[in-house]
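Protein sequence lines correspond, in order, to chains A and B.
According to my numbering, numbering within the first sequence proceeds without interruption in unit steps and concludes at 694.
According to my numbering, numbering within the second sequence proceeds without interruption in unit steps and concludes at 333.
For the record, the hints were derived by calculation from the structure and aren't laboratory data.
Be aware that a few hints might be false.
Unchecked claim - Derived lysine to aspartate or glutamate pairs resembling DMTMM-like cross-links, with alpha carbons at most 20 angstroms apart: (1) B:Lys-156 - A:Asp-382; (2) B:Lys-242 - B:Glu-51; (3) B:Lys-293 - B:Asp-233; (4) A:Lys-566 - A:Glu-544; (5) B:Lys-161 - A:Asp-527; (6) B:Lys-156 - A:Glu-412; (7) B:Lys-161 - B:Asp-243; (8) B:Lys-330 - A:Asp-527; (9) B:Lys-330 - A:Glu-412.
If you're wondering where the values come from, they're calculated on a predicted model, not measured in any experiment.
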Amino acid sequence: MTTVLHNLNQGLIRSMESDKRVFLIGEDLLDPYGGAFKVTRGISTRFPERVLTTPISESAIIGIATGMAMRGLRPVVEIMFGDFVTLIMDQILNHASKFRWVYNDNVSVPIVVRTPMGGRRGYGPTHSQSLEKLFMGIPGLRVVAPNTIADPALLIESAIGDNDPVLFIEHKLLYACQLLENGIGDLVDAKIEQFGNINPTYKIHFSSKPQITIATYGYNFEIVRKVVLEVLYEREIFSEIILFTQLSPFNLIPLFESIGQSKRLLTVEEGTLSLGWGSELSARVAENGINNVKIKRVGALDFPIANTKQLEDKILPSHQVIKQAIYDLLE
Amino acid sequence: MDINYRLYKQMFLIRKFEEHLLEKFSSGKLVGTTHAYIGQEANAAGIFDVLDKDDIIFSNHRCHGHYLAYGGDPYLLAAEVMGKATGLVGGRGGSQHIQIRNFYSNGIQGGIVPIATGMAFAEKYIQSKRIALVFLGDGTLGQGIVYESFNIASLWGIPVLFVVENNRYAQTTPIEIAMAGKIHDRFKAFGIDTRECDSMDVLEIREVAKDAINFVRNKMQPVGLILHTYRFSAHSKGDDFRNPEEITSYLKNDPLIIHKKRLDKAIFEQVESDVNWQISDAFLRADQDPFPNDNILKPIL
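Using the sequences and the hints, build the whole thing.
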């Protein structure tokens, strides 16, 4: 049994060991502190020359990493809180993700930007958001989110090996989660099908024809899974979960196949609901011409995330809201 | 090759290329936009004459002069600006977004400054002895990322040369109402040495640039090279609201006129005739080239 945090840490160490071009860059990365969420703990002690702790200059850090990458290095940047990605938008959108294509494939920009997103910890409006939707749909950029089924270490290693920029979204609550093992615990009644080898999409299927398809990613798979098991054991509702690791650009074939059977789609994300990830999936399903599909989306309410737990719990999609959405779709 | 001959040829090539391009825009043969380097030619000619051929350059929106002084082929740039498949980057980038060998340019003010800094960091790490040079205008000094980059370049001892071409206008806004304080004080605040030149004479600029480049390479430290200059053409294609008397007063300092006096008549006439032929040949050839095929626009997963 291993946690996502430990697993990511090991993936970074393996990359640093096997490739001298790999650098870690970010704020407060040095031991003994080892980064705000400890993903990089111990690494600066082992590789002091290749862990660069920086001033609070998110934008310049991404630019410097981009320049390093264009001259042959493989930098991995940590943005301490996902909320701060607004500060790197210009570097990602107008620089790193554009260069390969605009320069006629003469260059490559192999940078990885890791950042913890998500709420449910009482950090308030500027340290709890899930802002990845702002980066989805940017040509030339891959957005990847680990979960407890994919091996996060392999995901980070393949992101580092990727010749294009990758934004790697780590939900804060995912760090302490244990990786799941097929056929054990929560997955005892489940069958997992994997689509693709790099940043795979997973289909989690429960023994009978699905009545509902639930699309989700990252930490929210933990909540969705608990709800799915509850409605299965309490009311014999069979769900199928389509778990994405690559959010953008996306492969929707497994989703379409599942909806072809269930005719019902529920999307669950933690970012604000309006104009979000679920909206795009829903539009693609509608355009794909699968007949008579009922759709619901669950996401955060369109408010800043309140500091007080009483309001934060209402603003972010809860276990209860997801469960109700399933009942509503089956009515 | 004689230095005076070489520098004049370089500056005349830039001037004629830009004039040719502006003419094509005003006659409607080219669409889009361009930012002419007319008036600032001595900066590029002087700097590139003393750079190593393997050094790295990150240029900005006003990149044609830099590219040509780097040794770039005018035909490839003409084809790029015309949007041809044979252009520097296959018509994908156009005037402001070009790349060849160790030369890069992009159209966002200031965003290229940390990138050049990161490139120089990589070269220092592999001990290549290459330095990186990045171009800023006076207007770029309004961007915060420039100062984030100065700070880190100085802290980490990164061999990057920040070249500020102060042409006194950010598009149409004069420096007096856009910038507080002095340019060199910005560098000093971060412990970065500066070299400054208030001249449009290519030989003076070349000497100052040489000193700055040698310092960066030998000391493995950043330097700010501040070149006070003036552009004779509008920011972009037209719309010039500067005082005509002011423009006229700067025309006295035309770098081509200053430098031409150092050459024999027969020599500069030969240079001008060669370059005129080279430019019209470049544009003629580019004009006949095909546009890119849209079969390259396949979805990427």
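Q.
Lys-161 (chain B) and Asp-243 (chain B) were given as a pair; does the straight-line alpha-carbon distance stay at or below 20 angstroms?
A. 16 angstroms, holds
Q) Are the Cα positions of Lys-293 (chain B) and Asp-233 (chain B) separated by 20 angstroms at most? A) Holds: Lys-293 (chain B) and Asp-233 (chain B) sit about 11 angstroms apart, inside 20 angstroms.
Q) Quick one, are Lys-242 (chain B) and Glu-51 (chain B) close enough, alpha carbons at most 20 angstroms? A) 29 angstroms, violated
Q: Take the C-alpha atoms of Lys-330 (chain B) and Asp-527 (chain A), compute the straight-line distance between them, and say whether it is at most 20 angstroms.
A: 17 angstroms, holds
Q) Is Lys-161 (chain B) close enough to Asp-527 (chain A), meaning Cα to Cα at most 20 angstroms? A) 27 angstroms, violated
Q.
Lys-330 (chain B) and Glu-412 (chain A) were given as a pair; does the straight-line alpha-carbon distance stay at or below 20 angstroms?
A. 41 angstroms, violated
Q) Are the Cα atoms of Lys-566 (chain A) and Glu-544 (chain A) separated by 20 angstroms or less? A) Roughly 15 angstroms between the alpha carbons, so the hint for Lys-566 (chain A) and Glu-544 (chain A) holds.
Q: For the pair supplied as a hint, Lys-156 (chain B) and Asp-382 (chain A), confirm whether the alpha-carbon distance does not exceed 20 angstroms.
A: 18 angstroms, holds
Q: For the pair supplied as a hint, Lys-156 (chain B) and Glu-412 (chain A), confirm whether the alpha-carbon distance does not exceed 20 angstroms.
A: Within the cut-off at roughly 13 angstroms; holds.
The earlier numbered hints that this structure contradicts are 2, 5, 9.
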